[in-house]
Amino acid sequence: MSTTRREFLQSASAALIGLSIKGDRVIAGSFVNDSFQLGHQLRDRANFPQPTQIVKRAVVIVGGGIAGLSAAWRLHKKDFTDFVLLEMNDQAGGNSRWGENEVTAYPWAAHYVPVPGPKAIYVRELFEELGVLKNGQWEERYLCFTPQERLFLYGRWQDGIEPAIGLTAADRDQFRRLEDQIQKFRATGKFTVPMELGLSDSTADLDRISFADWLRAQGMTSSLLNWYMNYCCRDDYGATTGDTSAWAGIQYFASREPEEKGPLTWPEGNGWIVRRLLERLGSYVHTDRMVHRILKRGKGFSVLAGDTEYQAEFIVFAAPTFMAPYLLEGMAPLHDFEYSPWLTANLTLEHLPDSYGTDPTWDNVFMDSPTLGYVDATHQSLRSHVDRTVWTFYWALSEGISSANRQLLLNRDWSYWKDAILHDLERVHPDIRSCVSRIDIMRMGHAMARPKVGAIFSAERRTLAQPRGRILFANSDLSGFSIFEEAQYRGVTAADSLMREVAG
Amino acid sequence: MGILLFITVLLIAACGLIYELIAGTLASYLLGDSVLQFSTIIGCYLFAMGIGSALSRYIDRGLAYRFVWIELLLGVVGGFSSALLFLAFAYTQGFQLLMYALVIVIGVLVGLEIPLLMRIIRDRYHFRDVVAHVLTFDYLGALGASLLFPILLVPYLGLVRSAMLFGIINVGVALWSTFLFAKQLASARALRIICVVVMCGLGIGLAQAKRITIAAEDNIYADEIIFARDTRYQHIVLTRFKDDIRLFLSSHLQFSSRDEYRYHEALVHPGLSAIPAPRHVLVLGGGDGLAVREILKYPQIDSITLVDLDPEMTRLFSTHPMLTALNKKSFLSPKVHIINADAFPWVDSNTDSFDFIVIDFPDPTNYSLGKLYTTAFYKAAARHLSAQGLMVVQSTSPMFARDSYWCIAQTLKQAGLRTYPYHVYVPSFGEWGFVIAAFRDYELPTSLPDGLRFVSVDGLPGLFKFPPDMSPLPMPPNRLNDQVLVRAYDQDWKDVSH
Chain A
1 MSTTRREFLQ
11 SASAALIGLS
21 IKGDRVIAGS
31 FVNDSFQLGH
41 QLRDRANFPQ
51 PTQIVKRAVV
61 IVGGGIAGLS
71 AAWRLHKKDF
81 TDFVLLEMND
91 QAGGNSRWGE
101 NEVTAYPWAA
111 HYVPVPGPKA
121 IYVRELFEEL
131 GVLKNGQWEE
141 RYLCFTPQER
151 LFLYGRWQDG
161 IEPAIGLTAA
171 DRDQFRRLED
181 QIQKFRATGK
191 FTVPMELGLS
201 DSTADLDRIS
211 FADWLRAQGM
221 TSSLLNWYMN
231 YCCRDDYGAT
241 TGDTSAWAGI
251 QYFASREPEE
261 KGPLTWPEGN
271 GWIVRRLLER
281 LGSYVHTDRM
291 VHRILKRGKG
301 FSVLAGDTEY
311 QAEFIVFAAP
321 TFMAPYLLEG
331 MAPLHDFEYS
341 PWLTANLTLE
351 HLPDSYGTDP
361 TWDNVFMDSP
371 TLGYVDATHQ
381 SLRSHVDRTV
391 WTFYWALSEG
401 ISSANRQLLL
411 NRDWSYWKDA
421 ILHDLERVHP
431 DIRSCVSRID
441 IMRMGHAMAR
451 PKVGAIFSAE
461 RRTLAQPRGR
471 ILFANSDLSG
481 FSIFEEAQYR
491 GVTAADSLMR
501 EVAG
Chain B
1 MGILLFITVL
11 LIAACGLIYE
21 LIAGTLASYL
31 LGDSVLQFST
41 IIGCYLFAMG
51 IGSALSRYID
61 RGLAYRFVWI
71 ELLLGVVGGF
81 SSALLFLAFA
91 YTQGFQLLMY
101 ALVIVIGVLV
111 GLEIPLLMRI
121 IRDRYHFRDV
131 VAHVLTFDYL
141 GALGASLLFP
151 ILLVPYLGLV
161 RSAMLFGIIN
171 VGVALWSTFL
181 FAKQLASARA
191 LRIICVVVMC
201 GLGIGLAQAK
211 RITIAAEDNI
221 YADEIIFARD
231 TRYQHIVLTR
241 FKDDIRLFLS
251 SHLQFSSRDE
261 YRYHEALVHP
271 GLSAIPAPRH
281 VLVLGGGDGL
291 AVREILKYPQ
301 IDSITLVDLD
311 PEMTRLFSTH
321 PMLTALNKKS
331 FLSPKVHIIN
341 ADAFPWVDSN
351 TDSFDFIVID
361 FPDPTNYSLG
371 KLYTTAFYKA
381 AARHLSAQGL
391 MVVQSTSPMF
401 ARDSYWCIAQ
411 TLKQAGLRTY
421 PYHVYVPSFG
431 EWGFVIAAFR
441 DYELPTSLPD
451 GLRFVSVDGL
461 PGLFKFPPDM
471 SPLPMPPNRL
481 NDQVLVRAYD
491 QDWKDVSH
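Respectively, the protein sequence lines represent chains A and B. Just so you know, the first sequence maps onto residues 1 to 504 in our numbering. Just so you know, the second sequence maps onto residues 1 to 498 in our numbering.
Source of the hints: derived by calculation from the structure; they are not laboratory data. It is possible that part of the hints are untrue.
Said to hold, decoys possible - In silico EDC-like cross-links for lysine to aspartate or glutamate, where the CA-CA straight-line distance does not exceed 20 Å:
{"no.": "1", "chain 1": "B", "residue 1": "329", "chain 2": "B", "residue 2": "348"}
{"no.": "2", "chain 1": "B", "residue 1": "379", "chain 2": "A", "residue 2": "139"}
{"no.": "3", "chain 1": "A", "residue 1": "299", "chain 2": "A", "residue 2": "501"}
{"no.": "4", "chain 1": "A", "residue 1": "418", "chain 2": "A", "residue 2": "139"}
{"no.": "5", "chain 1": "A", "residue 1": "261", "chain 2": "A", "residue 2": "139"}
{"no.": "6", "chain 1": "B", "residue 1": "210", "chain 2": "A", "residue 2": "309"}
{"no.": "7", "chain 1": "B", "residue 1": "328", "chain 2": "B", "residue 2": "441"}
{"no.": "8", "chain 1": "A", "residue 1": "134", "chain 2": "B", "residue 2": "348"}
{"no.": "9", "chain 1": "A", "residue 1": "56", "chain 2": "A", "residue 2": "288"}
{"no.": "10", "chain 1": "B", "residue 1": "379", "chain 2": "B", "residue 2": "441"}
{"no.": "11", "chain 1": "B", "residue 1": "329", "chain 2": "B", "residue 2": "259"}
{"no.": "12", "chain 1": "B", "residue 1": "379", "chain 2": "A", "residue 2": "140"}
{"no.": "13", "chain 1": "B", "residue 1": "413", "chain 2": "B", "residue 2": "482"}
{"no.": "14", "chain 1": "A", "residue 1": "418", "chain 2": "A", "residue 2": "431"}
{"no.": "15", "chain 1": "B", "residue 1": "328", "chain 2": "B", "residue 2": "450"}
{"no.": "16", "chain 1": "A", "residue 1": "78", "chain 2": "A", "residue 2": "279"}
{"no.": "17", "chain 1": "A", "residue 1": "56", "chain 2": "A", "residue 2": "309"}
{"no.": "18", "chain 1": "A", "residue 1": "261", "chain 2": "A", "residue 2": "359"}
{"no.": "19", "chain 1": "B", "residue 1": "413", "chain 2": "A", "residue 2": "139"}
{"no.": "20", "chain 1": "A", "residue 1": "77", "chain 2": "A", "residue 2": "501"}
{"no.": "21", "chain 1": "B", "residue 1": "494", "chain 2": "A", "residue 2": "359"}
{"no.": "22", "chain 1": "B", "residue 1": "210", "chain 2": "A", "residue 2": "354"}
{"no.": "23", "chain 1": "A", "residue 1": "78", "chain 2": "A", "residue 2": "501"}
{"no.": "24", "chain 1": "B", "residue 1": "494", "chain 2": "B", "residue 2": "469"}
{"no.": "25", "chain 1": "B", "residue 1": "413", "chain 2": "A", "residue 2": "140"}
{"no.": "26", "chain 1": "B", "residue 1": "494", "chain 2": "B", "residue 2": "33"}
{"no.": "27", "chain 1": "A", "residue 1": "134", "chain 2": "B", "residue 2": "482"}
{"no.": "28", "chain 1": "A", "residue 1": "261", "chain 2": "A", "residue 2": "128"}
{"no.": "29", "chain 1": "B", "residue 1": "335", "chain 2": "B", "residue 2": "302"}
{"no.": "30", "chain 1": "A", "residue 1": "261", "chain 2": "B", "residue 2": "482"}
Input sequences plus hints: build the corresponding full structure.
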């Protein structure tokens, strides 16, 4: 009965204030790209069919995210063509998958690459090949357009995400001191992208405490500074500063010194890179091919996927490393790999809310929200006039225990998450419900590697990260955290290492 | 019954204070000097409340009936106060007079409310309870209103709609009172009908509030408005004063018919006359057809492609008799091809080549327009230049927006073009600047079409000389990822207006 009364009041008030007032829209949508059923089949060792055909390849790449595609890119570029890439989902790209509707293409997860520094030579090589870097100049239309970022705090928007208004003298002093510290760490050359090139035992102490504890030990107690640090860790690692190794917290800031105002981004995020890679490598890539077992056969391997047995001499294991013990015959369980659960959503907007506030901005963050805000997929459009758009909403479920958060992701229905997202947006855009026509939601139980305390200098991680032998691990989680450059580096070095082995 | 009565007190206290705050805020917005505005408004308001209280003793009979009427009146006067003040500021000289008159009327009515109400209910309670409760809820209402006003009402509703909303609440109180005091009312039904009618009136006002603010803003235009339309892309306004027609796009002046010939002759002829045999011309922006009118003075030109975002704009300048008289029906020429498209994607995907490109966009007042002034855009546009091709760019004022002007010139240079900056005086604009850009050298033309009123062969060299107060400034280029131009333009105009 309560709905009837509510409806009555709504229609009565609508009649009262005139019919031209717009009501809330009906919002369509669903969960998309769910893959945990597949993962759970592996975990629970479900019965898989016997293979009915045999395919022989020198190399099988397991996993079609950036690491796997980069291994393929490298092999192909060196004229090594005797390989196949197997992807369990119906779309390659992993965390760089994308979607497209009648409004625009949009990302499902990773949506940018910071302008790579001089050490990221493979990223630069790829970007030269893709026309992103030409004669030492970064292509302007792939750099994030002005205005890049804004933060909602104290009921208003400011430019940039680092809090800049309402700072006390003590806040300013702590931000300055942190910047000085970061500058010193940067000068040591031990924090690099890719991380393997700079990693030094002399920084191992930093991996023994959490970033939150390190900040406290430095006397950095400013709540604004701590909010910002926490935001950065949630954004890049899906973890709070308390769940992040101090080494990783410092790496976030000390590893980069961009030569150009970036980052690099595209409407479909890093899906743009995947698209370009698939144009070159599509014939090697088999989607909807879940590998369910890898068995040793003499010197080589037998890879079981669906109805096919792939016989290979080398494996590039580019899927998340935590899956390896479930697939690989005789592999011991892993202990040092942890992952952060995430939720992303793509919201189709029929128009921007009246409460938008500033010129259209790429990345929009709200102070003290559990979410990471939203990114506008049409921001990189060359058009001067955009009315409909898609916002990609990011939410790392970083507070509390990951396993409980995974349960929450699984157990709550679409409408629960839809409302949670809209509630968060309503704090900033009270009229958002009158703009949104569709919300599609993607749930990822193990979205990205979490660089918890001890993860970086973990012996387990460092051993698996050695590119040697006939099974080469290549996922970005071997760097301790999931970013594009690390995934690409691991993929390329795995490919190089196996080509050396093949050459003998 | 008791609590309902006191909620009535709370609501009317809130309404009264909201009207006062709205008047103070509006006066501060529109006139400045917020200390003066708030002080005088609060003073007048409190004084008027005193008058109201004093007048209450002359009301002997029909207390409830008069109370309902006071609430109704307050709802109407208070509810429409903000809209009235906006319109008064836009259309009349008497803003302050009206404002103080409204504040006094509202103050008197609010001053009447509480004494009347206390007398209506005095038989129901002890006198000391009446005083204590009424005043308590009166002050609570004031607190609520003073918190609601800055936190919710101003940011989310705005001043016009907030006033309407509280007007509705006031009338709601009137309606409610007809039930509360039904026994003391002879003609409750008639009053109720009036309440509902007034409420609908305020409701319509609430729904149409945006129109009222737009109407008020329109009157920043000094002259008679002969055409106004909100298109999907912009707000088009045409004004006329005697023989002067002016076009405003989203409140920015585009031309005045008295001197636009200076602008458009200067935009087109220095470049176009310097091209030996121009055949194909591209105009980006320029939906008024005035640049095309100048281009049609070259009979050897085969085709003119005009790309303008807004179909309403090009339709208006193809059909409106007053405007086609101005552009000499240029859009009706068979040589002209009109394409309604967003310029950057069009330039980026089209592959045609042109001998002359006119780039005549609105000033870079925001980052969306700023994209059309970037190295990326100029590179894309320059790919359309034929071997002998030149392009000319509307580049804001080297006088009032000197940083912006030289930033645009630098951006063209950075896009790999040779640049030839020049400027003209257009009375309705002031000093205005253009840049000719090309991959080749530019030399001044030695002949021009007949019948020009401003540009002459003798006068041309002077246009390319910049006196010291407009001379080049070192500026970085405007890039998609670092739009320095929009910030510079904003700053330039702030410097001029302060």
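| query | CA of residue 413(B) to CA of residue 139(A), is that 20 Å or under? | reply | Holds, at about 17 Å.
| said: Next pair to validate is residue 210(B) with residue 354(A); report whether the Cα-Cα distance is within 20 Å. | reply: Given that 20 Å is the threshold and the Cα spacing comes to 12 Å, the pair holds.
| Given hint residue 302(B) paired with residue 335(B) - CA-CA distance at most 20 Å | The given pair, whose Cα atoms are some 6 Å apart, holds under the 20 Å limit.
| query | Between residue 134(A) and residue 482(B), does the CA-CA distance stay at or below 20 Å? | reply | holds, 19 Å
| said: Holds or violated: residue 413(B) and residue 140(A), Cα atoms, limit 20 Å. | reply: holds, 16 Å
| task | Could you grab the alpha-carbon distance between residue 134(A) and residue 348(B) and see if it respects the 20 Å cut-off? | result | holds, 18 Å
| Are the Cα positions of residue 494(B) and residue 33(B) separated by 20 Å at most? | Holds - the C-alpha atoms of residue 33(B) and residue 494(B) are around 19 Å apart, at most 20 Å.
| message | For residue 261(A) and residue 128(A), compute the direct alpha-carbon distance and say whether it is at most 20 Å. | response | holds, 18 Å
| When you check the alpha-carbon spacing of residue 56(A) and residue 288(A), does it fall within 20 Å? | holds, 19 Å
| request: Would you check the hint for residue 78(A) and residue 501(A), treating anything up to 20 Å between C-alpha atoms as holding? | output: holds, 14 Å
| Are residue 379(B) and residue 441(B) close enough, with their CA atoms no more than 20 Å apart? | With a Cα-Cα distance of about 17 Å, the restraint between residue 379(B) and residue 441(B) holds, given a limit of 20 Å.
| query | Given the proposed pairing of residue 379(B) with residue 139(A), does the C-alpha separation stay at or below 20 Å? | reply | holds, 12 Å
Taken one by one, the earlier hints fail for this structure at numbers 1, 4, 6 and 7, listed in ascending order.
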